[in-house]
Each structure stands twice: as structure tokens, then as C-alpha cells.
Amino acid sequence: MSMTARRSRHPVLAFAGLLVLVGLASVTIPRPLKPAVQAQGAPELPVEALTDLEQLRARFNGDVGKVRLILLLSPT
Amino acid sequence: MSFDLLAQLPSADIRIYAVWMPILSQDARDRVDPSLVPDPRATRYWDERALSGTFFKGRPEFADHWDAVAWDAYGLYDRHARWDRLAEGPTAAVTSGWTIIAEGEKLRFSLLQLLAHPWQRVFLPLSALR
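Listed in order, the protein sequences are those of chains A and B. Just so we're aligned: 1 in our numbering is position 1 of the first sequence, and the numbers increase by one with no gaps anywhere. Just so we're aligned: 119 in our numbering is position 43 of the second sequence, and the numbers increase by one with no gaps anywhere.
Honestly, I wouldn't trust all of these hints.
Just the calculated beta-carbon pair ranges, DEER-fashion [stated by the list, open to error]:
1) T167(B) to P46(A): 47 to 55 angstroms
2) E124(B) to A58(A): 17 to 25 angstroms
3) F199(B) to T76(A): 17 to 25 angstroms
4) L81(B) to P43(A): 34 to 42 angstroms
5) T51(A) to K182(B): 17 to 25 angstroms
6) N61(A) to D143(B): 45 to 53 angstroms
Partial list, computed: chain B residues near chain A (C-beta under 7 angstroms) [what the hints assert, rightly or not]:
7) V108
8) R120
9) W142
10) A146
11) W147
12) G173
13) I177
14) R184
15) L188
16) A192
17) L200
18) L202
By construction, these hints were calculated from the structure, which means they are not laboratory data. Remember, predicted model here, so these are calculated numbers, not experimental data. Just so you know, even glycine gets a beta-carbon here, dropped at the ideal spot from N, CA and C.
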């Protein structure tokens, strides 16, 4: 292989390497998350920290007389 | 997932407790999207230690849930249900299920049934009964 031919491949390899790096970055760089706080103008939807089941029990019993729905969810 | 059914019942006497907990590795408090349950009758919680999912997994209505923690699941309780002793949980759910989307129709049907009671009877004149 002549020196000229080797040189002519370098830009191609460099470009391919760049594409790989860009691809990796798009995978590893964290994407913006869904906002936990509502956008301006939207009603505020507070999320309480549940640190003790007693909180849930108290709320549940405080609402006796109403139909109640418990939803157990995962953020994703 | 959103709860359009609740939006269709704006005057229904119902309370919702939406509890998010970390299940998958990327789950975190800042990934909770409370707008999925925007209903003003809802209380939203972040349960960092998955206390609720672990607890309800131990309840009969969630015992068959596929995971060690009950999640993507619901429990529907009537007006008389109480949760007296913390360790025992609420009195039996009218219905429960998972996943919420898969069981959406069952939830919808049960919810409408519960909200319809007590039925308002029509008193017909005696002549109509003869």
C-alpha cells in the first residue's frame, strides 16, 4: 500500500470515528427529563413524599364515605 | 397513561391516591410526571422506599402480582372501606388489577357501578304495577 493511498483513507476513518463518537454521545448524554414541576400556567400538582404508610392510611380513612382508588405506579 | 375516565366524571365523589415508586433502574423522583394524574381529587405521592408497593404485595388482592412489589396496579374501594390497623391494610378492595392499561375496562366498569349506588329508585304509581 502506498503512502498516498493510506493518507486518502484517513479522512474517511476520521469521519467514521466521529460518527461513532456522536452516536455514543447521544446514548450516554442524559436527555432532558419530564418536568416534575408543571409548566407555567398549568395548575400546580404537588407530589408529597410518602415516608410512612401511616400518611396513606390517614388520608384513606379521612375520605371514608367516598369511593377511593389507589394507584401504584412507576415513573417510567 | 392518563386517567381520562376521571375527567369524564368531574362531579363523582371519589378520591385518588397516586403513588409513584422506584421500580426500574432509571426511576427517580424527578421522573415523576404528576400531570398523568391531574385530577383535583387526587393526592400524589413519591414513595422512595416503595413502602406501598411492598405492603400491598402482601395483601390478598395483590398477592398474585407478578413482581415482589405491586406496581402498575390499582385497588378500588367502596365508600365504607376503612383502614383501621396499619398492618392489615384497607378492608377488601371491590376490585384490583394490573396492569392498569390492561385492566382499564374492568376498572371503568367497577368504578361506574360504585358511583351509581345507591340507585335512585323510581316510585311507580300502584296502577302501573297492576
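Verification of the supplied hints:
no.: 1; hint: T167(B) to P46(A): 47 to 55 angstroms; result: violated (28 angstroms)
no.: 2; hint: E124(B) to A58(A): 17 to 25 angstroms; result: holds (19 angstroms)
no.: 3; hint: F199(B) to T76(A): 17 to 25 angstroms; result: violated (53 angstroms)
no.: 4; hint: L81(B) to P43(A): 34 to 42 angstroms; result: violated (19 angstroms)
no.: 5; hint: T51(A) to K182(B): 17 to 25 angstroms; result: violated (32 angstroms)
no.: 6; hint: N61(A) to D143(B): 45 to 53 angstroms; result: violated (27 angstroms)
no.: 7; hint: V108; result: holds (5 angstroms)
no.: 8; hint: R120; result: holds (5 angstroms)
no.: 9; hint: W142; result: violated (13 angstroms)
no.: 10; hint: A146; result: holds (5 angstroms)
no.: 11; hint: W147; result: holds (5 angstroms)
no.: 12; hint: G173; result: violated (11 angstroms)
no.: 13; hint: I177; result: violated (12 angstroms)
no.: 14; hint: R184; result: violated (11 angstroms)
no.: 15; hint: L188; result: violated (10 angstroms)
no.: 16; hint: A192; result: violated (10 angstroms)
no.: 17; hint: L200; result: violated (29 angstroms)
no.: 18; hint: L202; result: violated (35 angstroms)
Figure legend: structure checked against the earlier numbered hints; hints not met, in rising order: 1, 3, 4, 5, 6, 9, 12, 13, 14, 15, 16, 17, 18.
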